[in-house]
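Colleague: Below, each chain spelled out in residue letters.
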Amino acid sequence: MTSHSIAHSDEFRAGRELSLDHRKLGMWLFLASEVMFFGGLIGTYLHYKATLPTPEAALLDTVLVGLNTFVLITSSLMVVLGLDAIQRGHRRGLITFLGLTALLGAIFLGGQVYEFISLAGHGVTLQSSVFGSSFYTLTGFHGLHVLIGVVWALVTLVKAARGTYSAQEHAGVEAFGLYWHFVDVVWIVLFTIIYLI
Amino acid sequence: MTDLSRPTHDGRRARGYVMVFLALAAITAIELVMTQIGLSASAATALFLILSLGKATLVVMFFMHLRQDSRIYTAIFLLPVILVLAFSTLMLMSAGGH
Amino acid sequence: MTTATPALSPRRYFGWSTDHKVIGVQYLVTSFFFFLVGGAMAGIIRTQLLAPDSTLVSAEAYNRLSTNHGSVMLFLWILPVLAGLGNYLVPLQIGARDMAFPRLNALSFWLLVPAGLLMLASFFVGAAEAGWTAYVPLSISGPDGQTLWAVSVILLGTSSMMGSINFVATIFTMRAEGLTFWRLPLFSWSMLATSILVLTATPVLTAGLALIAMDRLVGTLFFSVPAGGDPILWQNLFWFYSHPAVYIMVLPAMGAISEIFPVFARKPVFGYRMIAISSLAISLLGLTVWAHHMFTSGMDPRLRVPYMISTMIIAVPTGVKIFSWLATIWGGKIRLDTPMLFALGFISMFLIGGITGVFLAAIPVDLHVHDTYFVVAHLHFVLFGGSVSGAYAALYYWYPKITGRRFDERLGKVHFAANFIGTNLAYLPMFLAGLLGMPRRVVNYDPRFTELNQLASLGAFLLAVSVLPLLYNMIVSWVNGPKAGDNPWKAKTLEWQVSSPPPAHNFDQPPVVTEGPYDYGEAPAGSLKPSPAAAGD
Amino acid sequence: MKERTLLVVVLVTALLVVAGIWVALNVNLMPAEASTRAALVDQLFRAMLGLAAVIFLLVEGLLLYSVFRFRQPRGDDGDAVPVHGNRALEIVWTLIPALIVIVIGFYSFRVLAASEIREEDPLVVNVRSRQFAWTFEYPGTSVISSDLHLPVGRQVRFLITSDDVIHSFWVPEFRVKRDATPGQMAELLVTPTREGTYPVRCAELCGVGHAAMGLSSRVIVESDEAFQSWLTQAAALPADPIEAGRTLFTRYGCQACHALADAGAAGAVGPALDSLADPNGPHAHAHGGMDIRSFVEQSILEPSAAIAPAFADGLMPKDFGTRIPANELAILVDYLVAQK
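Sequence order for the protein chains is A, B, C and D. FYI, our numbering numbers position 144 of the first sequence as 144, with every residue one higher than the one before it. FYI, our numbering numbers position 19 of the second sequence as 19, with every residue one higher than the one before it. FYI, our numbering numbers position 405 of the third sequence as 405, with every residue one higher than the one before it. FYI, our numbering numbers position 114 of the fourth sequence as 114, with every residue one higher than the one before it.
Next up, chain A with everything else stripped away, as it sits in the complex:
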């Protein structure tokens, strides 16, 4: 194992050989663990959906939540358009799209809070039944991730306003984008297993 000198700057040469960026790789590894975390909650929800069928499931308002799903999908579009904007050097475009993303995320959360309140009105609460527990826990943890996403969007927006990102360097935007789309994919799965089937 001989070692002789080569310019010291290039730490991530091996990553580029595999066309990997260590920050994006770190993000995907984190998302892999998040898939497993939601996997545990989804497994729990499906287990009780199969063993404890309950009339309370009929109280779910699929149409309202369908619209909410539409809001989240639109926010995903905003994120990619924002990323596309900064890749073309349009900092203002990025800022507007990040603002819209945060807004749509907030609307989604509003929709969920509304749904939770109406469900609680029908007596379905976290403590009322196993269905209540598993429903609120699964959608609650997802809502928490959306909330974190909204805050992250605003932080990215402020950093963009301060000129942190450019056409050459926008790793932060890409990382946020991956997180937001992941939260959207989780919702697509939840929407299906809770409301559709």
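Hints are computed from structural coordinates only; laboratory data are not their basis. Ideal Cβ positions, reconstructed from N, Cα and C, are used throughout, including at glycine. The reader is advised that the hints may include incorrect statements.
[Unchecked claim] Looking from chain D toward chain C, a few residues come up when the C-beta cut is under 7 angstroms (computed):
| # | residue |
| --- | --- |
| 1 | 21 |
| 2 | 24 |
| 3 | 27 |
| 4 | 31 |
| 5 | 32 |
| 6 | 43 |
| 7 | 66 |
| 8 | 68 |
| 9 | 80 |
| 10 | 94 |
| 11 | 98 |
| 12 | 211 |
Using the hints provided, position chains B, C and D relative to the given structure of chain A.
Modeller: Chains B, C and D alone, transformed into the frame defined by chain A:
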């Protein structure tokens, strides 16, 4: 994080994203309509699973750029997804066991 | 990068540092403290079990001691000490200046401190007493310490996941030029295989623990039997993590053995690629076997046989590793220094654990021995005889590199002898007690098991004593042991090509790798007898 | 390979196989075999023990041999002859363990199947576990016992459940255990084959009484005649109605939750029943509507119908209706109503 492989930008990329978005919106609309018309439980379940798989694949391939990024990212995402599918199926199966 | 504080001042170990070498030592020292805490609990347990009806501790205190003995040893000793070794060595072994995310690395260590304090603090509010397995509904109604325990394990899981994200990103993107995956040292291979398991299994336990915490604090009904909650669901969530966890705890130790054998036999490792592939095989198979812990529970009877099959298949890659190690030292020039002794001890003791694992996989036998002292013996042979012996071997092997000093060889051999005899004396009798009818986690037992338990306690006391020469050796040699030089063992992996301890940035210039990590006995280029697998592949 | 090494390999293999067979035939680490399942499991276990001995001796032998034979010669700190791999050897030591594991797997599957064959007309026994005791009920009779009596040779179909946390019903001499999970009914088939008294253990941590619970109950396997006589004797009631009532009060476990001086009971979970019939006693609320006799019967069959002040609903078992035969219910109610 500039992947050199990305082509020079023009409107084409943005239009691509909008197309994907429209597909997602369309599928969601179809799903909502299907909830209103009475379908047999098993048929509905199968259809909804396929449609949501389609939506998820669209988001992951295009919005999350897995289509043109390294296969390693796809592997990192797919392994846990497969494990969750296996775990969830077993949780459903063991429902009727005891 | 933060400015590196002067290399030798010990003060840097007590602050926030992003140098992977400092973090590595912080992990090692902190986890060793918890090893002593867990060991003290074991000492009380074995003293209580000296007599069938002894009243040294109450039943409640006993349940709390055995629960936290398990939890401290697994989550606060084995996981962090192996993470510490990985942290210190992976960047050095692949020729990198530090980990891919230095700040995340420091955070993953510093999460250990609150987690450890929380678990110890739980003793003041009534510690967890439902076993480290925390089966419901018992763990739902336990004292407040059970909630602290759950939060502590969630923090440790988060720290472990952060570490694994760092390891995978570092190994994939920061290898030196010429260091292809087929030249990656086997310890780094094992950290990669371990990280895959950590990232896929730990989150499921985190989800399960969140459900327990919510049942206890917020009144959700996940595991409330009257409301329809299913205790088997918790067992699935728990074991989905906790079986891969035992592979997480043994793979790095195996990686250390794969590093030590070639160096002390002065011979290339036999079947390098098969060992690397076996690590990955064990890692992926390890995710498919969890329900063999539930053969006696209310799991679906139709599912038992598939789990038996997948569990037994894991014996094959494990066998490949053991036979490859034997072939490595066959025809070698073996030097019986302390690291080699512990590595040999690892194989002979882990073998007993591995074989009894196949007994436990066979359903009819498991229906008799599950939740008995047969299992306690099996897990201690695999974890204490295996992982801890491997960790000891690694500590002695890399001690000169970490401290720049040589340890006292005689004290090392004393520690090995006491540890080897103590482990066999402590755990072999337990196999018999389990077969004859002694259940697990009992504060008192049937008088017919008295002699077996006295033998086991004797072994445990010998193990307690055996830690003293280790502690004395490690501390005193660091202060005034003889200088070790850069490469005291004449090893070929990259970490031995720099000074001991290595400079702050590891490599003045990024190294270029031109040969395999274990090419011992390779005459320089142009030798008459090229080795079968060309060195430069 | 040179002839000498071939000879050595054959000799060593023969030696190992002989050692393995000797271990399988002579080493017995198990307790007495008291069920058909035990015989099957012990055969499997001893076969695996023989195989384990072969593998253990092979690996430890190679290890020790290498350590002595290939010790570094004094003063020679050069490297050894490099060998990176040997394709054939690696294939062999992958296939052989795989083969061993397949054989063990198949053998285990057959033993499992053979030990779960249903025989017709099994003796059904309800195994109820709670913190921290076992109770065994014999459906069709009023027998409730903390010891398990079984006739030898007849298959038993255990129906195992728990009233609180998870316990695990284990009889080492039967070589089998089954978790008693609350909210679930688990089935276990065992055919006792050897008369004798064996311990019943609890194998799942269930709280402070876990150890005690593993030392309190026993299995008594006896001849059919002895079993039948025990059964009738256990079900028999004293002639005198008051004594019969008192026996039933204890047999159905009322004393665990209710206090009753006459029966020496001091349970505090439910109301005391000492002066039940006294109109201005603590149970005055009872007399308002119904006559005392039908009120007491209703309180046994549907406990939630009327809850005494300051006591919680939902604690008293609701299945006495199915467990107490009508004639015994009448004796018990008469006994309670007689409490002045």
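Colleague: Does each hint hold? Answer for all of them.
Modeller: Comparing the hints with the structure gives:
Against a cut-off of 7 angstroms between C-beta atoms, the interface hint on residue 21(D) is violated, since the closest Cβ of chain C lies about 17 angstroms away. For residue 24(D), the interface hint is violated, since its Cβ never comes within 7 angstroms of a Cβ in chain C; the closest pair sits about 14 angstroms apart. A hinted interface residue such as residue 27(D) counts as satisfied when its beta carbon comes closer than 7 angstroms to some beta carbon of chain C; here the least separation is about 11 angstroms, so the hint is violated. Against a cut-off of 7 angstroms between C-beta atoms, the interface hint on residue 31(D) holds, since the closest Cβ of chain C lies about 5 angstroms away.
Look at residue 32(D): its Cβ only gets to about 10 angstroms from chain C, farther than 7 angstroms, so that hint breaks. Against a cut-off of 7 angstroms between C-beta atoms, the interface hint on residue 43(D) is violated, since the closest Cβ of chain C lies about 10 angstroms away. About 5 angstroms separates the beta-carbon of residue 66(D) from the nearest beta-carbon of chain C, less than 7 angstroms, and the hint is met. Checking residue 68(D) against chain C by beta carbon gives a least distance of about 9 angstroms; that is not within 7 angstroms, so the hint is violated.
Against a cut-off of 7 angstroms between C-beta atoms, the interface hint on residue 80(D) holds, since the closest Cβ of chain C lies about 4 angstroms away. The closest approach between the C-beta of residue 94(D) and any C-beta of chain C is roughly 6 angstroms, which is under the 7 angstroms cut-off, so the hint is satisfied. Because the beta carbon of residue 98(D) sits about 5 angstroms from the nearest beta carbon in chain C, less than 7 angstroms, this interface hint is met. A least Cβ separation of about 4 angstroms between residue 211(D) and chain C falls short of the 7 angstroms threshold, and the interface hint therefore holds.
Of the numbered hints stated above, those contradicted by the structure are hints 1, 2, 3, 5, 6, 8, listed in ascending order.
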